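Dock chain to chain to rebuild the complex, using the hints, since each chain is given by itself in its own frame.
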Amino acid sequence: MTIELQAPPARTERLVDLFEYGLDAPICLTWELTYACNLSCTHCLSSSGRRDPRELSTEQAKAVIDELEAMQVFYVNIGGGEPTVRPDFWELLDYATEHHVGVKFSTNGVRITPQVAARLAANDYVDVQISLDGATAEVNDAVRGRGSYDMAMRAMANLAEAGMTNFKLSVVCTRHNIAQLDEFKQIADRYGAQLRLTRLRPSGRGADVWDDLHPLPHQQRELYDWLVANGDQVLTGDSFFHLSAFGEALPGLNLCGAGRVVCLIDPIGDVYACPFAIHDEFLAGNVLGTGGFAGVWRHSPLFLQLREPQQGGACSSCAFFDTCKGGCMAAKFFTGLPLDGPDPECVQGYGEALLAGVRGEVPRPSGDHSHRTAPAKRPVSVTISRRDDLARPPVSFCEESPLAGADLR
Amino acid sequence: MPTATVFDLDRAWDLHPQVSVRPEPFGALLYHFGTRKLSFLKDRGLLAVVQALATAPTARAACQDAGVGADDIPRYARALTVLARSSMLLERSPADDH
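Protein chains in written order, with our numbering: chain A, 1 to 409; chain B, 1001 to 1098.
Same shape as in the complex, but just chain B (with noise of 0.2 Å):
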């Protein structure tokens, strides 16, 4: 299984395709059936941002369409490099149609 251990902001990310995401009143939990691995995501900005990632030509974009204002943007990377490290999120070639 391939692990990105660098999440670049400007390249196009999506959910592993073994990870379930489920909305919950405090944010969401995510599952990964691979690694049995359960994380807990404490924002709603934060799913909106993950929800977008599929779609958008970048994580930034993905950032942009789910409302984060730049300056928000640094703190919305880390945790999603947080995630890129656990095999959450995978890095998918831009022309992936979803």
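The shape of chain A in the complex, shown without the other chains (with noise of 0.2 Å):
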């Protein structure tokens, strides 16, 4: 919501244009605390899996969160990897919410007990986010893992039988749970939660799978007209805005946050410009250097450059500039285009004209954490047979004679 005095002055600018030279704390701030997870989602934006060793410690922790209560960082939005497996989540947990840091974590619910969810309903300045990526078992656990259906809805029963009113239910859009949403907003209202849709990626094992995943361009138009329609019940954190190029902008900054208004401080204390832009290109510091969070996001050249005003490059004459603003830079950088010109995924479709000229190899995520203890993909054919340079089987063990094995000639 914005406060703004009818009848303003003349030099009162939009908020989004003012948001474009950034401020003086980030307003979201995602903060991934492990890259370890019981999960091995498909589309993993962070390609998590296995916890790194330089993860910060439980004191290096508390101290980024003693520099997000002095910089006024209301809340930080914390993930992974899987975050409520770190053996110290919950201590950090109450320590960020007494030092006046609200916290909401995204958890596929593996941790969410009624013991747990009791503990979290009781705690105001804590809000929950499960994660879901189909309204049913079978679109669902095609992306997240056998199981992960089943997992999601315990801690969603969990959470509302403790009372937890208004948590959230993290949907990512993709091809084939487009045609859910009802069914999504049937399964939030079912635990009073709130549905929050958001944008797939092609970040981190997203890149793997973007071209099988992301919504093809009818299914846009169905996404978009839906929030359009359910706008002021859904959350999206502001990841549609390149949609706006239908027509009529749909509610939200409409702007490209990236070091402006979000970053993301990674398991290692990395900050990059966004969640979405694991990537040394994106890279702005790291909280343990001298000027710790604060001095990265006020002072890092990568973060001063994002603040300049958006040149539209390719864009810049196309009639929806204004509110599409070209769209996703995550996406653009990881699938090979420019990033002052148009979105992948752009609804005029000039997107999809440049990608079919991207040439070579497009960038790749800077670390990969994934499990390696992937199934292998075809069998491997043995043949057992007897070596050919041997007169005799080899010897074991068990053969009888004092002599076996003695080459007597």
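No false leads were slipped in.
Selected chain A positions facing chain B (Cβ under 8 Å, derived; list incomplete): (1) L15; (2) A25; (3) I27; (4) Q72; (5) F74.
Capping the alpha-carbon separation at 25 Å, the derived lysine-lysine pairs in BS3-like fashion look like this: (6) A:K168 to B:K1037; (7) A:K185 to A:K104; (8) B:K1037 to A:K104; (9) A:K185 to B:K1037.
No lab work stands behind these hints, which were simulated from the structure alone.
Since the structure is predicted, the reported quantities are computational estimates derived from the model, not experimental observations.
Built from N, CA and C at the ideal position, the CB exists for glycine as well.
Encoded structure:
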């Protein structure tokens, strides 16, 4: 909500224009606490799975929270990996909320037992976001892994039972679940939760499945129409502003907030411009550096550069540039498109044409913490036979002759 | 939680105790930890009025303390009404000691 004086003085600008120059502290800070995860979602934007030995210690994480309190960062969005598998997760959660830093954390539900749910419901400064990418087990588990649908539903039931209201049900929109938007809404309503829809990005392992999972052009229209019809009841993290080029702008800032109002702290303390851009190109610094997080946010050359007014490039002549702003920086980067041109999913079709011309390697995410235990893709063929150069079978320990194996010639 | 549906300029007001204010170059951010709603004040003058509420006997006096001219007071009253409706502001007894 924006509190604006009516009949404002002539120099008043739109909020979005003011935000282009950045804020003294982020509004929306994502903090991934660990790369460890019990799941291996095919589209994981941080390529999570295994813990990184360099992850911030409890004391280092608390020092970050102290900084956030001093900077008046009202709340952080904690994710991972699966943040709740960090042994000190609950300790950090309490520490943050005691220091006036509200926490919204994303989880697949693995640790949301009835006892945990009761504890969460009792803390006003905590919000929970359960991830679910299919309104049916079939659609969800194909992306998030077998059993993950039941796990999320159980977590939501526990939260609802504990009296937690208005927690979030968070869905990444894919080709396979766009048709289920109404069902997602029903699930959220059933548990007293609020539905949150976000965009699939070609980041992390998402790059590997993007071609197969990103919504088709007619599904983007379906999604846009659904958002226009349900906009005030559904959260989007402002992630669909590229769809505004269908016509009426969607609610929200309609601005790429990277380095301006949002950023990411990754598990080892690296600060990136946004959660979808884990690549050296968007690495601004590390919270363990001399200036701490505040130093990175306020002085990193990358962030200062991102806070310059956005140039439209190839998009500046498009009638929809004012609301679409050329779409998502990370989506362009990881599909090999120039940053000052159209989004790969540009609804006017300009991205598709450009994508066809992308040659050679597209940038890969900087880190990969995926589990190494993925099943082998195909059977390994083995032939069992006797070596031709041996006159007799190899001797085994159970051979009784004392001269076994001796070549007596 | 009591919610003010009507804003009276001649009564004493204050920020809701669960609201934090963060000044920014363009004005300020307000965050309500109870409703988890974020609001933006697009004007430093409005920020000054909001900050003056706690110590002023009435909202009108807070406007005057912040240097708002008589002609501009109705505009500020409308902005404060929006804040009161979203529970960012609460009416307080004028005797409250701050």
